[in-house]
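Peer 1: Spelled out, the chains give:
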Amino acid sequence: MKKYSAFAVVREALRGHKGWDKQWVSPEPRNAYDVIIVGGGGHGLGAAYYLAKEHGITNIAVIEKGWLGGGNTGRNTTIIRSNYLYEESMDIFEHSLKLWEGLSQDLNYNVMYSPRGVMMLSHNIHDMQSFKRHINANRLHGIDNEWLTPEQAKAYCPPLDISATARYPLNGAALQRRGGTARHDAVAWGYARAASDRGVHVIQNCEVTGIRRGPDGHVTGVDTTRGFIGAKKIGVSASGHNTQLMAMADVRVPLVSNPLQALVSEPLKPIFPCVVMSNTVHAYISQSDKGELVIGAGTDQFVSYSQTGGIQIIEHTLDAICELFPMFRRVKMMRQWGGITDNTPDRSPIQSKTPVPGLYVNCGWGTGGFKATPGSAHLFAHLIARDEPHKLGAGLTLNRYYTGRLIDEAAAAAVAH
Amino acid sequence: MSGEFRIAGKGRLTPARQARFSFDGKYYTALEGDTIASALLAHGVHLMGRSFKYHRPRGVVTAGPEEPNALMNVARDAARQQPNVRASVQEVFEGMKVTSQNRFPSLSFDVGGINNLLSPFFAAGFYYKTFMWPKAAWKHIYEPVIREAAGLGVAPKEADPDHYANRYAHCDVLVIGGGLAGISAALAAGRAGAEVILVDEQPELGGAAHYDSGLTVDGQPAYEWAQAAGARLAARKNVKVLTRTTAFGYYAHNFVALAERVTDHLSIPERAAPRERLWQVRAKKVIIASGAIERHMVFDGNDRPGVMMASAARAYLNHFGVAIGSNVGVFTAHDSAYEAAFDLANAGVKIAGIVDVRERPGEAVMAEAARLGIEVMTGQSVVTTGGKLRVNSMSVIRKAGGTQRKIAVDALITCAGWTPSVHMFSQSRGKLRFDAENQRFLPDVYVQECVSVGACNGTDDVSALVAEAFSAGENAARAAGATGDVRTAPEASTAYRWAGGMIGTPEGAGPEDGGKAFIDFQNDVCAKDIRLAVREGMASIEHIKRFTTNGMASDQGKLSNMHGLAIAAEALGKGIPEVGLTTFRAPYTPVTFGTILSHSRGALFDPTRKTPIHAREEALGAVFEDVGNWKRAWFYPKPGEDMHQAVNRECKTVRTSAGIFDASTLGKIEVVGPDAAAFLNLMYTNAWDNLKPGRCRYGIMLREDGYVYDDGVVGRMADDRFHVTTTTGGAPRVMNHMEDYLQTEFPHLKVWLTSTTEQWATIAVQGPKARDIIAPFVEGLDLSNEAFPHMSVAECKVCGVPARLFRMTFAGELGFEVNVPADFGADVWDALHAATEAVGGCAYGTETMHVLRAEKGYIIVGQDTDGTLTPDDATVGWAVSRKKTDFVGIRGLMRPDLTKSGRKQLVGLKTRDPKVVLEEGAQIVADPNQPKPMTMLGHVTSSYWSENLGSSIAMAVVVDGRSRIGQTLYVPMEKETIAVEVTDTVFYDKEGSRINA
Amino acid sequence: MLLIHCPYCQEDRSELEFRAAGEAHIARPENIASISDEAFAEYFFMRDNPKGYIWERWRHFNGCGRFFNAVRHTVSDKFVVTYKAGEPKRSLESLGLGTTNAGGAK
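Protein chains in written order, with our numbering: chain A, 235 to 651; chain B, -17 to 979; chain C, 86 to 191.
Among the hints, erroneous ones may be present.
Said to hold, decoys possible - When the alpha-carbon atoms are kept at most 30 Å apart in a straight line, the in silico BS3-like pairs for lysine-lysine are as follows:
#1 A/K503 <-> B/K498
#2 A/K236 <-> B/K117
#3 A/K388 <-> B/K613
#4 A/K587 <-> B/K886
#5 B/K35 <-> A/K256
#6 A/K503 <-> B/K613
#7 B/K914 <-> A/K332
#8 B/K35 <-> B/K139
#9 B/K556 <-> A/K252
#10 B/K498 <-> A/K236
#11 B/K498 <-> A/K388
#12 A/K503 <-> B/K620
#13 B/K266 <-> C/K163
#14 A/K256 <-> B/K498
#15 A/K287 <-> B/K117
Claimed, not checked - Simulated coverage check for chain A against chain C, where a stretch passes if three residues somewhere in it have a Cβ under 8 Å from a Cβ of chain C:
#16 324 to 334
#17 466 to 479
#18 525 to 539
#19 634 to 640
The hints are simulated quantities; they were obtained by calculation from the structure and are not laboratory data.
Small disclaimer: the values here were computed from a predicted structure and weren't measured.
Glycine included, every Cβ here is placed at the ideal spot set by N, Cα and C.
Could you put together the complete structure from these sequences and hints?
Peer 2: Put into structure tokens, the structure is as follows:
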């Protein structure tokens, strides 16, 4: 893999860019691999990368039914933060955030990680209590999160309206300065390139249609639209489609697949300096490096795999955005789209062994999977390689729904539900 | 006056009706009906913008909403301005101020132009390959520079003073597109008697008739016919015609969203008129007549100002009366461009020559070209252009590498063919098929109740498309039950039958050729960028799109998608259908945020709920807090008091004499029926059978998983009637929870539920003098302690009004809650409040209510609990019946993690320094000196200064809290660590004697 | 925005009047107090979540207030039928939709 650098860009520019390599290899699948990862999104590609890099396992195929990164990885609003409430959550999201901070260098691919701050708005006493609880827990855990007065919030984000005449005036905000955004496609491509460079096969346009097990119940491989491919271990990480994949091995999961919509405005000159989220008025917003305002909505409330949703969700979201930032009323929406989020009852993910030996699942990231991409991938690789979870991911078991030890992150998930 | 390129006698605008506007500070005269683009072109102005990445000089390319280049800031006044307005759509109004974008210091001299020189370094995806070293430089240097360079227009700085409207509409037939096909469909459906809505994005109906002078319908020029037919349609009661209205989104179940531009074209809009109007239409049948969009030729230098679409040049001439140049070149693969040349030539404009990639263009157009003396160069290509701020030459070759012939031009019109507009069809989730013969995607499998007609369905022949559309209109109307006579379809004809078209790059712009052959003008994507993406392993059209950003600008690839696809397919060595088409997403053209949210702003953003007593509280100077949608009196400051002083005074007053409090927001549900008690037994943890009429009890409600969901006092009015209360915030979901179980799990139970939250005003009178205060107003009830002990309820009259009186307290004092019908609430409050003040009592708000109940250890569900506590955790395990065999939550409570030790339990905390008040949400640890990440034992859920106790009090959930009573724990704050002692939750009157006074 | 047929009101009304209420035909177990932890988790947490036909509940919240059942395809979002609470589950066969629910519930 030729190294990316400014020098390489200049060199290639002077010869018509003819010397760039393919970023990843999409070969014909082998008959069998040591590990098959089902799902070619950020989590799956990342897990393959870390399996190769840290566990010396390179005989891996990542099998993706469409184009890599085409699921939720290519559809999210790119927010990165670790200001969650429970220990288990703080562990994984902070682990992920630390990996984000060096990811471009690690992958030799600029994922454009941009820590310009994530600010969560507080509109009433209940919000304040909740955010103070988060702030104090984060601080004692070693995660940056601080309380701002409305005036300080406005100084940090000038477009914010803090007038007392708003329907839900601000009474403060919680700011994580190390939070921010990254370029979602770059994360998928960066992991694909780095994994591919280490020998991982990225198999696109290949849909898994069955999971085969031997007489001892252990997985033996997957049936796909391109034939059977053997595997010693299978890691499933396919966001909205996890239920169907796990059902192929008769494993029940507590997931509900709901549409999550988002939209961008036309590109504007820089106007919005950070990420702002509000639970009470249900919206979140940032501005991409291309100039578009990136705005997220809440999920539609029914099960759907259509990757679309109702316009009323967009309406409510823009209501909220324009209440917080009245100057944006004349800005235009350029494009809207949706993804399929797999949501758990406690809004916390599952990364777990399953009752089927050799089958591992990474699911339930719901509306918050992008920020967790490197952390989840790293921990999932550990789980698959060692057949035991990393200590930071030990609480994310499927078993917790049977014992009652849920990790209730409804507030931290910060998305209308 | 209105421009030296305005040709007398041409176009449809009225010379006498003028409007003046400015563009980058220079004033121009336009005619009413001009767009900014047509007005500027009339004055010979072609330079209208600078491209996003390379800052290349750009002019307008189209005459419609697919415009990628001529985006401008348009201002009516300081507050009414918006960026990224398409000059080819925005009509000029008097006094309009137009400024170009993305250039500094000016359009003609832009320092950003250096990007063009450095363009080899800015190839597609270059930013992924660099800016990584040194690590800190990304955040502090590279990214800020990239962000500054990004974006096109500048966001408005002031709040938008305009308002927007929203309408829901239902119809039998929605026709999207008011060209010949759309009008024909609407005529049939309208005549049949169906309810029809016809929409078109242009100011007038007619579609292609705006520019195509060769079209006739029923013997009339098509444009005139369209206006007349449109007027007849609009006159029908069952037809609504909307112009300047774009159908932008096709949603589930034939729900289509339209954006109507109401005032943006008017010099003096009506004050009451909305700027734009959102129509949300549910149609039984949708007829998509969205036509086809011309695409440009791809060659080096195809983006200079003066290079534009052939049909745009025709529109500017035939509709606006403007010649786009005086020496016009033509580069085409399709017959239609010839008609543009003929129209220009007949208007006196010199045609420098027609360059046609095909060896054999249509015979009829060739003949006419010859007759007009226009040179036609067949089998040749334009390979580059000259000129900086305006095109001044085109260079032509026969085949790649051949000798170039340079021809002077001052405008160059191109046409690579026509792409059926399948956006709305795709949004409806239909499946496309690739028509290989004509190199286009067409609607194939329909998923919703719609049909495509005309050019968007691949039906190009005008006579056929009118018939097809008319028939579709009739069918749709009949399917909706309309029975009227549709009479005969219009008959259309045209001067020439067109053929031809290509996608991708012609000779001279292929893989071996250099230069900048633009595909996506707005995002500066060239043919070689597509090839680079393929070279780097991008094999999916979606990857190619995202890597190059082709098709991701505000024009959404209307000109560029097919070209990008063809070039990618060629580079991949695959067929076009194999490479695929990217997904079409709403909105079809960008839609103003304000239009989508319409009236939901300011006070209308969310409803505000007020109790019947609200005005009285306001009059008393109450400060309010938001509790969900409700406004609740938070505290009542007397003059000079801050919040602490007010709350301290209220707290002391309640316990020394009395206080009066508005509790009307609490949820109330009337549960009635022979099985009422049985139902409550299932919904709550308590046993209700032994609660006698006239008594009330504090109930705990769980979710099925065993966690506390809500609480409230329940009064039994009769054997079969309960007055249930819930928390303020929980009322709607408790009601929903109960209805769910009643309707779907226990439908055999004879019990009915009615929400009475808004029917009862609830006034709490609490404190030692409470009985004295209310007694004079109560009729029909003995209020003595013996006759009406704590936790009683009775019907009686208060102030002469039928009431339900509860003896209960949330303050831990002798207390009553008076429930009267809401309409009487304010007057009853007046009476009781006066009586309260007369004995030295006062009104108190929610903050005092919180403090008083905390002094007594009463929990607040949703504050002290958060959906993860069991009743036992929350100190109310005593409310869980040991005898009942079933209630919601019974099994959840038995799960291993809910019964083991080590759970968080609600306890009290006293700070070692009693003056220190803990922060709600503060975390608690055993060892404050441990390194981070610290092991946290729990957090503070409620914390107050207690004036009655002279110290701070707090409630907290702590791991194994009850077994830690007496221990010292620590609350590490940022600036200090606070030591606390764990106590039980009752701080005041532990024996509870005051309640039983 | 979905258009939903309320089987009680006998009218097609917009989604705004309704609340989604999860998967249908999940009966609260008899003698719930004595079921195993696995059975409880299956009841309370595990879901079919089908990519195909789903049996789900809606409530006509801003209308008659009644809960009812629906069969809908979760990719096209098309409703097949709605029916009252308490009525038996409609089989795919009875609805003329074949017998296998590809990607859907068993």
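Peer 1: Next step is simple, just say for each hint if it's right about the structure.
Peer 2: Now for the hints, and whether the structure bears them out:
no.	hint	result
1	A/K503 <-> B/K498	holds (25 Å)
2	A/K236 <-> B/K117	holds (20 Å)
3	A/K388 <-> B/K613	holds (25 Å)
4	A/K587 <-> B/K886	holds (28 Å)
5	B/K35 <-> A/K256	holds (25 Å)
6	A/K503 <-> B/K613	violated (39 Å)
7	B/K914 <-> A/K332	holds (16 Å)
8	B/K35 <-> B/K139	holds (24 Å)
9	B/K556 <-> A/K252	holds (21 Å)
10	B/K498 <-> A/K236	holds (27 Å)
11	B/K498 <-> A/K388	violated (44 Å)
12	A/K503 <-> B/K620	violated (50 Å)
13	B/K266 <-> C/K163	holds (14 Å)
14	A/K256 <-> B/K498	holds (23 Å)
15	A/K287 <-> B/K117	holds (21 Å)
16	324 to 334	violated (count 0)
17	466 to 479	holds (count 3)
18	525 to 539	holds (count 5)
19	634 to 640	holds (count 3)
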